[in-house]
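Residue numbers (this note's numbering): 1 to 101.
These aren't lab readings, by the way, just hints derived from the structure by calculation. This structure is a prediction, so every number in the text was calculated from the model and none was measured. Be a bit skeptical, because a hint or two may be false.
[To be verified] Label pairs and their calculated CB-CB ranges: (1) Leu59 <-> Ile20: 27 to 33 Å; (2) Phe70 <-> Leu50: 23 to 29 Å; (3) Leu94 <-> Asp18: 18 to 24 Å; (4) Arg37 <-> Ser97: 14 to 20 Å.
Ideal placement from N, C-alpha and C gives every residue a C-beta, glycine not left out.
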Amino acid sequence: MSKEKKVVPFQQPPVFSDEILDLIQVGTEITLYHTFRTKQQRTFIQDFDLLPKSEQDKLLACDRQAIARFAELIIKQLSASQQLEYYYEQNKDLFWSLVKK
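The whole structure should be built from the sequences, with the hints applied where relevant.
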């Protein structure tokens with residue numbers, strides 16, 4: 001047996017249940033969506049509200065997909081850098097409040 005196989009890494013990535021991973025994903029998406037709607041895209045949102053309803057629906061579908069993908073990338077990055085557990089601990093009250101509503 002090689003020396004490398006005997007070495008146990010000091011910090012192992014956290015193991016989350018599927019329920020917790022779903023909660024992290026949805027909570028991150030909602031947080032991102034709220035951030036975009038309230039801060040960063042104010043001018044875009046004002047213009048968006050002037051569009052016909054059918055066009056708004058199309059853009060909202062794209063927006064949801066983009067936010068879901070962005071949240072997924074953030075979670076993967078946090079997991080790869082072994083910070084996902086810290087992120088979850090810092091935000092778990094927010095995430096679980098979503099379930100309670």
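To see whether the hints hold, each was checked on the structure:
1. Between Leu59 and Ile20, the C-beta spacing of about 31 Å keeps the proposed range 27 to 33 Å intact.
2. The supplied range of 23 to 29 Å is met by Phe70 and Leu50, whose beta-carbon atoms lie about 25 Å from each other.
3. Checked against the given bound of 18 to 24 Å, the beta carbons of Leu94 and Asp18, roughly 19 Å apart, stay inside it.
4. Range check, Arg37 to Ser97: Cβ separation about 18 Å, and the 14 to 20 Å hint holds.
Checked against the numbered hints listed earlier, the structure breaks none of them; every hint is satisfied.
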